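Enquirer: Order-wise, the sequence lines are chains A and B.
Numbering of the first sequence is given in this note's numbering, commencing with residue 3 and proceeding in unit increments.
Numbering of the second sequence is given in this note's numbering, commencing with residue 167 and proceeding in unit increments.
Calculated from the structure, these hints are not laboratory results.
Since we're looking at a predicted model, the values are computed, not measured.
Ideal Cβ positions, reconstructed from N, Cα and C, are used throughout, including at glycine.
In silico DSS-like cross-links for lysine-lysine, where the CA-CA straight-line distance does not exceed 30 Å:
#1 A:402 with A:386
#2 A:363 with A:386
#3 B:168 with A:165
#4 B:168 with A:163
#5 B:266 with A:165
Restraint ranges, calculated between C-beta atoms of paired labels, are given here:
#6 A:167 with B:221: 27 to 35 Å
#7 B:281 with A:167: 17 to 25 Å
#8 A:324 with B:221: 50 to 58 Å
#9 A:167 with B:207: 20 to 28 Å
#10 B:214 with A:74: 47 to 55 Å
#11 B:271 with A:172: 16 to 24 Å
Only some residues are given here: those of chain B computed to face chain A with a beta carbon under 8 Å:
#12 167
#13 252
#14 274
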Amino acid sequence: MSEVRQLVETLYVRESRRVFASLVRLLGDFDSAEEAMHEAFAAAVEKWETEGVPANPRAWLVSAGRFKRIDAIRRSARFDSSKADILRRQDGLQPDEKELDVGRLEDDTLRLIFTCCHPSLNESTQVALTLREVCGLTTEEVARAFLTTPPTIAQRIVRGKSKIRSANIPYEIPSVDELPERIEAVLSVIYLVFNEGYSASSGDAVTRSDLTGEAIRLGRVLMELLDDSEVAGLTALMLLHDSRKAARVDMDGELILLEDQDRSLWHRDAIQEGRQLVAKAMASGSVGLYTIQAAISLAHAEAENSSSTNWERIVSLYDLLLTAGENPVIELNRAVALAMRDGPEVGLTVINTILADGHLKDYHLAHAAKADLLRRLGQKREAKTSYLQALELAQLEPEKRFLKRRLQEVS
Amino acid sequence: MKYMLLIYGQEDAWTEAERMECIEESTDLCEELLAKGQYVASSPLHSVTTATSIRIRNGKRFVTDGPFAETVEQLGGYYIIDVENLDEAMAIASRIPPAKKGTVEIRPIFETARISDLIEQAQVKS
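Bound-form chain A, shown alone (with noise of 0.2 Å):
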């Protein structure tokens, strides 16, 4: 292979998405910036051989695929009207210099994530529009990560772009009033494509590596672009709980609990990586939930075992995250930690008032919390009964294997 072709390739993975974005500003189409980032590509391993490498090659192929790209219309308009919009949209543009500027360019991804996680946009299109359009991911990719068919996908994607086009969605990053509530839905769209990937709900594998890498890679694509502590809180959290990824399950895929994972396994760099952005969040003066939650994974990540765990601290934090608002989920991962610090029956009293309110009853994690606390206390016949609730409730099939490894020592 050429050098250019193989420079040309390179490019293609790290910059194709970016200049995906930019084409879609000056095009104002998706599927015709994607005609045109194809065309610039595939230009530019022609034309790069015989006139060398430019000294910006994004600015080249954005500036390639959009001539080639009006250029493809013009020919095609005077078969095909609706074509024309785009055209007249052109006509009315600045010359290239201005349109191509870094800085500019860099916005494009920004404007790319919130148009696709516009919150009049539902959740799971938002969750497809991101990772096909921003990430890149094939429709078969997108469908595979969410055990879903090739075609649901796309009928989620071609509803999407045909939204943003219809309702004219804004390609622009929101203002200053509107900025954080927009940020939330871009950090929740990246959380839920995390948490997919890291404990599927439902499905024979614990985990999806592919993505819980593309949701901390637009962690970092986000914390570049945008100066927030809870972009910095959300990318410390995914790191943290990957880091554990090796340790998380056993050579036959069977689950591992926190308390019993060989913690040599865990990613260091990953946690150092972590433990820099929980500071740098904590540092900025406004700490939200996703930094508090980072923080408590951190406390858990710089512990040698589960006995020397800081729970004094872990306790804290989350009665730091409960000031913001109830949350039986919340209440009951205190109640966890709180049996840790405090001894299981001190747990075990918390977690059945919780359950007696009703909420987290159809919860398998909260009837599975209570069976261990049983099960450590040696009340053998009542965890029993509260792991076979449990296992009614799980979806899970590792997780299904776990309980019922439980429940045979119990029984």
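Once you've looked at the hints, dock chain B against the given chain A.
Expert: Only chain B this time, still in chain A's reference frame:
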């Protein structure tokens, strides 16, 4: 781009005093939109008990007393606004007083050249 904002709510959710206040507030908003060149039209609608629905099937006309759909929340009024994009339409929809009790649905208006011409002519005439 033009958007239609459709206001849905329960008709009995408002006291007479609240209704009057709502109309005052809404009219202020309309004046503000007009000054910004974003106003096309708006009106509250009479109660859904005054609604009539028409269907033509096989050339025969069927008239029903009542709205298209019997739901708890009824269409109670509308705005047509002319703004840059959906974000601006959402910002205005959030400021419509009935949004606090009911729901404001935003629908982009499909414009054809002939209809746009007619709207312009109508505005010039009035």
